[in-house]
Amino acid sequence: MTLTADQQVATATHCPYCALQCGMTVSGTTIAPREFPTNGGGLCQKGWTSGALLTSPARLATPLVRVDGELVPASWDDALDLVARRLTEIQARHGKDAAAMFGGGGLTNEKSYLLGKFARVALGTSQVDYNGRFCMSSAAAAGNKAFGLDRGLPFPLTDLAGADAVLLVGANPAETMPPFMQHLRPVSEVGGLVVVDPRRTPTAEQGNLHLAPAPGTDLALALGILHAVVADGYLESSYLDERTRGFEAVWRIVARWWPERVERVTGVPAADQRRVAERLAKARNAYILTARGAEQHASGSDTVSAWINLALALGLPGRAGSGYGCLTGQGNGQGGREHGQKADQLPGYRKIDDPAAREYVAKVWGVPASSLPGPGRSAYELLDALGTETGPKALMVFGSNVVVSAPRSAHVAERLSALDFLVVADLVLSETAALADVVLPVTQWAEESGTMTNLEGRILLRQRAIDPPAGVRTDLQVLNGLASRLGQPAHRFPVDAEAVFTELREASRGGLADYSGITYDRLRAGEALYWPVPREDHDGTPRVFLDRFAHPDGLARFVPVDHRGPAEPTDDEFPLQLTTGRVLQHYQSGAQTRLVAELNEAVPEAYVEVHPDTAARFGVSEGDWANLRSRRGEMTARVRCVPSMRTDLVFLPFHFAGAQRANLLTNPALDPTSRMPEFKVCAVALEAA
Amino acid sequence: MSPRKIVVLGYGMAGARLADEIRRRDPDGTGIALTVIGAEPHHAYNRVLLSAVIGGTMQPDLVRLHDPGWADEHHVDLRTGVAATDIDRDRRVVTLDDGSEVDYDALVIALGSKPWLPPVEDLTGEDGLPAPGVVTFRTLEDCERILAVAKAGAPVAVLGGGLLGLEAARGLAGNGNLVTVVHPAGHVMERQLDPGAGRVLARILGTHGIDFRLNASAARYLPGGGLKLDDGSKVAADLVVVSAGVRAETELARRAGLTVDRGIVVDDTLRTSDGRISAIGDCAQHPDAVSGLVEPAWQQAAILADLLTGTRVSARYKGTRVVTKLKARGVDLTALGDPHTDVHDPDAEVLSLTDPTGGRYTKLVIREDRVTGAILLGAPDAAATITQLYDRGLPVPADRLAVLLGRALPSGVPAAAGPADLPASAVVCRCNSVTKGRLVEAFRAGATEVAELASATRATTGCGSCRDTVSGIADWLATTS
Chain H
1 MTLTADQQVA
11 TATHCPYCAL
21 QCGMTVSGTT
31 IAPREFPTNG
41 GGLCQKGWTS
51 GALLTSPARL
61 ATPLVRVDGE
71 LVPASWDDAL
81 DLVARRLTEI
91 QARHGKDAAA
101 MFGGGGLTNE
111 KSYLLGKFAR
121 VALGTSQVDY
131 NGRFCMSSAA
141 AAGNKAFGLD
151 RGLPFPLTDL
161 AGADAVLLVG
171 ANPAETMPPF
181 MQHLRPVSEV
191 GGLVVVDPRR
201 TPTAEQGNLH
211 LAPAPGTDLA
221 LALGILHAVV
231 ADGYLESSYL
241 DERTRGFEAV
251 WRIVARWWPE
261 RVERVTGVPA
271 ADQRRVAERL
281 AKARNAYILT
291 ARGAEQHASG
301 SDTVSAWINL
311 ALALGLPGRA
321 GSGYGCLTGQ
331 GNGQGGREHG
341 QKADQLPGYR
351 KIDDPAAREY
361 VAKVWGVPAS
371 SLPGPGRSAY
381 ELLDALGTET
391 GPKALMVFGS
401 NVVVSAPRSA
411 HVAERLSALD
421 FLVVADLVLS
431 ETAALADVVL
441 PVTQWAEESG
451 TMTNLEGRIL
461 LRQRAIDPPA
471 GVRTDLQVLN
481 GLASRLGQPA
491 HRFPVDAEAV
501 FTELREASRG
511 GLADYSGITY
521 DRLRAGEALY
531 WPVPREDHDG
541 TPRVFLDRFA
551 HPDGLARFVP
561 VDHRGPAEPT
571 DDEFPLQLTT
581 GRVLQHYQSG
591 AQTRLVAELN
601 EAVPEAYVEV
611 HPDTAARFGV
621 SEGDWANLRS
631 RRGEMTARVR
641 CVPSMRTDLV
651 FLPFHFAGAQ
661 RANLLTNPAL
671 DPTSRMPEFK
681 VCAVALEAA
Chain Y
1001 MSPRKIVVLG
1011 YGMAGARLAD
1021 EIRRRDPDGT
1031 GIALTVIGAE
1041 PHHAYNRVLL
1051 SAVIGGTMQP
1061 DLVRLHDPGW
1071 ADEHHVDLRT
1081 GVAATDIDRD
1091 RRVVTLDDGS
1101 EVDYDALVIA
1111 LGSKPWLPPV
1121 EDLTGEDGLP
1131 APGVVTFRTL
1141 EDCERILAVA
1151 KAGAPVAVLG
1161 GGLLGLEAAR
1171 GLAGNGNLVT
1181 VVHPAGHVME
1191 RQLDPGAGRV
1201 LARILGTHGI
1211 DFRLNASAAR
1221 YLPGGGLKLD
1231 DGSKVAADLV
1241 VVSAGVRAET
1251 ELARRAGLTV
1261 DRGIVVDDTL
1271 RTSDGRISAI
1281 GDCAQHPDAV
1291 SGLVEPAWQQ
1301 AAILADLLTG
1311 TRVSARYKGT
1321 RVVTKLKARG
1331 VDLTALGDPH
1341 TDVHDPDAEV
1351 LSLTDPTGGR
1361 YTKLVIREDR
1371 VTGAILLGAP
1381 DAAATITQLY
1391 DRGLPVPADR
1401 LAVLLGRALP
1411 SGVPAAAGPA
1421 DLPASAVVCR
1431 CNSVTKGRLV
1441 EAFRAGATEV
1451 AELASATRAT
1461 TGCGSCRDTV
1471 SGIADWLATT
1481 S
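Chains H and Y, in that order, are what the protein sequence lines are.
Sequence positions in the first sequence follow the numbering used here and run 1 to 689.
Sequence positions in the second sequence follow the numbering used here and run 1001 to 1481.
Hints were generated in silico from the structure; no laboratory data involved.
Being a predicted model, the structure only gives us computed values, none of them experimental.
This list has only true hints and no planted wrong ones.
For the chain Y half of the interface with chain H, some residues (derived, Cβ under 8 Å), not all of them:
(1) K1327
(2) D1332
(3) P1380
(4) Q1388
(5) S1433
If you want the footprint, here are the derived chain H segments under chain Y, 3+ residues with CB under 8 Å:
(6) 39-50
(7) 169-181
(8) 228-235
(9) 248-258
Positions of the beta carbon are idealized from the N, C-alpha and C atoms, including for glycine.
Produce the entire structure from the sequences given, and follow the hints as far as they go.
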């Protein structure tokens, strides 16, 4: 690619990866860190090397169409004509819901919005969901129950530095969003950083106290600490009276979980539970933050509710300088769940089964409300139904690599191959794209404009910094091209990001996630806008719950939840527990980061962390390849002996493809509320390869 | 079809739990009509938390197990303040002390236990109840009585140095009472502890102001004065708290002709000698259950609910692994399995550490690579780990000492490893995978300041936590090159 002179000018933008959205500048393909409140001028290795993807030889530059089993280059017109024709045929034969869409938490707000609109209006299908279901959905469900609103961090990240205690639950930001750790340093310097994780992660190493519950027992741990708060006289009674409802029902359950009993279930000493209760209660300012470790369970939303209950009992949420928050993972994991690419949602974080919401959004879209479909299947249920008698026969995937990232991935691959028609839009030939009938090459972050909503609920503008390679189109152009071919007026699916955003503002007006007062001009001017921003003369809402929570009566809700434990217990055949997670050098399914040489050299292959005794017990040793088996499949990984591991636990990162996919093993047992699969614990066997 | 009538006698830890478990499986009462009879006048409460009530940190209303509306909400015919006086097994009818009768298809006895009052002169009145100034430690009323008399500074004698007696003693000492524990054995908690552990425990409790009279029995209660012991000495006390053990409540069962030994004898289905009558909790006697603990009672409640509701007819109670934890502020004690094995026992691997000054005593008994017994005093994290190994039947890690010491184990890495000692392959900046070797190279290529090293290698540019180390390496290189 050749760069014109004006492209060498540094463009201020944000990192293409996680929800921290570190500030960076792009000059050509050179990346430099930029001062921004979330990253304080820091970047991790992923961010530093993100420019490599812009010139990657693996980049797709022409649509591909499967002919006689082979993917061969095709023109855009031919590819789009084919997609439109096949979708029309399949819907004509099997009904509207025979066509499905699958989105991603890395897509911009504009794409998420237009994707949901495309599904409901252009396809008229209810079958649309996204991979955020695998990330933040449990925290979202629990946040909505407790506070009536789900904004990951309902306060600016920089507030954390003023706390004297922070409890991090199932979060490993030292690897997943390294510059985040700067905000915790003042907390650890005063001895107040407590990390809850079954593994001694790099984050746990930096904590002042590490609590290591057995996998799948975090909920019980939350009950034990809450019990200690009450038993040791730390309950914030006046806050409970003035700002909450429902403590009594919670206490009836918590009363049965005294710390000694919780110790027996979790392996966390009762003394440590009491220490944490005391530390949080005596702090002037304290935060409880949860992440995937708490959330990715079949009881994930209850687990998050249990931690929120603890935060409420201590009077933290809605108080300046204190609170509860969820660390959103994917780049636009927050915005991605607000604008209608979820099976049960319409833009503005509206519910699709709410008649008033349907009426309002239909009016913005210029269609009758009765034409909007109802709620559809959630992500895993959608994938599981593909190609079945009652399930979708055609699927379009945007910004997701489900063959690697979904649970029970061999089964997911099988479902994809049972489809009549699969379309994947991606920058590279991901493992999922390789299975498609049509692959559409699309632009990536620095090549297009759009907004992202970071983990704090702050809306960021990522401006186009360089020209995309010839032959690729934006997702917005793809949706526009398909919509026209499906008989939609072209203006209904704009190709200009700012035009889409203008429509999104209108669609979100009056909703929980109200963007109506945000404009590209305000963002270009550098305004720090946190939603809701209901008017153009409104300054945004950095701290959401200071005066009231979002339930009609303004009060937060305690939600009574009890410990259930892992969905799949170990037994003689599968005697070890497996937990999965991330490494610093890779992002999600690794489709992007595995293509960056520097990252791939650092961590080139799947590995399994195992206690040296456990390795010996199962006949494997450091550096060997091992086979891991579960009821759903098997995979291989290289053995790493880690003395700090529990002897009944192994750990796998999930970023690798083919036979090294951790998700070949994981359990698709779903949370009843959030429909989150149980990624974080299942039963496995380990043996030499 | 009309629902099956199940009557539960007893509304304590076991009976209340059974009712919860039944209603979890049959929420609307379509399968089972449930009647619960409780002798105490109020709602069931959590006996485990009474030591926190004594300690003054827990308000009595917080120990209730159920809300006032619980029975109505869950379709339970709850009758409190009445006790069963007779069981007519032929007619399948229970008679209550208010004269009424309740008939049943299945009956569950969950009447618990009653405190045992040792034979001490004048300790009881003519009615057999504790004399004024003497209180047992069993019920919420007992706690209220204790708190009413035991004002700060008042001397209190605790009769019995078992688990509950020590918890009461610690709570009272915490409230400012001058506590003396009178115990007939040579060391406290002799059921769970060996003499070495007992001695260290008494020493720790001594630092909290508790005195011990061991190998001593009370001979006589002196109202208003305290206790006279069998060696003739006296223990001054405004209040005597009796915690000398409990006896299973078996009277009703015995009269009904059920097989009774120490408790009501039950099998793995928790049935008594009458197939329509079950017993759970402290009043029941199962060969593999230990009484006086809540865990077996709750496990039994879940299993019995499976059986009574037909949810899982294969459910069987096979005993409970016993883990005892003392709930006493400032004392961490866990005892599990059978720790009464000599360290030189040739058939077992026994590790032990005694540190009376540091308030620590740990003992680990291992057979066939599995934990079979342990005492862990002053080692909370090791206790939590060993309990998990014991409960899950996991092999004990090869590094036994690390298991026994937990966090007390000195780390294998020298804490003050300087830049010179780090291997070249050591990753200094995790965020950017920068090794010490890479930093040395960059330094030699001219990047001698931290900022220059940062731009050359990206070290320190992620989370920034390696800044001190990088600066140390730069200083070291500057002084050595």
